[in-house]
Amino acid sequence: MELNKRQEQILQIVKDHGPITGEHIAEKLNLTRATLRPDLAILTMAGYLEARPRVGYFYTGKTGTQLLADKIKKMKVSDYQSIPVVINENVSVYDAIVTMFLEDVGTLFVVDDESLLVGVLSRKDLLRASIGKQELTSIPVNIIMTRMPNITFCEKDDLLIDVAQKLIEKQIDAMPVVKKVDKGYEVVGRITKTNMTKVLVALAKEDVL
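Numbering of the sequence shown is given in my numbering, commencing with residue 43 and proceeding in unit increments.
There are no misleading hints in this set.
Computed list of lysine-lysine pairs in DSS-like fashion (alpha-carbon distance at most 30 Å, straight line):
id, residue 1, residue 2
1, K208, K113
2, K116, K198
3, K221, K240
4, K113, K57
5, K166, K212
6, K104, K118
7, K212, K225
8, K240, K166
9, K70, K47
10, K70, K57
11, K104, K115
12, K104, K116
13, K221, K235
14, K118, K198
15, K212, K222
16, K115, K208
17, K235, K166
18, K115, K235
19, K235, K212
20, K104, K70
21, K198, K221
22, K116, K221
23, K221, K115
24, K240, K208
Just so you know, the hints here were simulated from the structure itself, not pulled from any lab data.
Just so we're clear, the structure is a prediction, and the values are computed from it rather than from any experiment.
Could you build the full structure based on these sequences and the hints that come with them?
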């Protein structure tokens with residue numbers, strides 16, 4: 043977040059004289075309390091200042107970079123997950139390829155007849171299966187998929203930064219977001235490298251604004 047000149051002046055006053063009330067800040071700038079209220083609200087919500095009733099404003103001591111890092115560390119999967127593309131384990135490799143093409147995704151999540159996660163299919167899996175003279179319409183995806191327990195997954199309350207680390211470490215493009223049920227896991231979403239890129243773009247736009 044880029045501060046305007048008045049917000050920078052407010053920060054300096056609080057650094058030098060904090061804790062200080064909004065009225066005293068307004069006096070030092072020769073402005074009314076009402077004029078300063080929006081700036082004080084922005085600085086407090088952004089994390090630069092802390093406000094305590096009947097005491098005043100404190101400077102948190104955090105830089106813009108630190109505040110951004112704090113914000114990233116609090117982001118959860120549920121805030122950025124997207125809709126998963128799911129197929130049944132008995133679907134043919136051919137149909138899986140068609141689904142991946144039509145849905146324009148790089149990963150398919152495979153479920154059993156009870157809609158429980160049993161496997162993951164990547165573009166590489168399907169490409170390998172396509173090499174040779176095999177009849178793709180007669181090969182079920184459960185023959186070539188990555189199976190449980192070798193699937194890396196996450197849950198909606200997991201921290202996004204931890205999931206990003208797993209994507210890097212495992213060198214995978216997507217991860218299913220699951221919900222634990224009696225017999226296994228239901229797929230409720232997905233987190234991909236594209237999701238992560240969207241987060242970066244959103245943060246950059248916030249910083250500009």
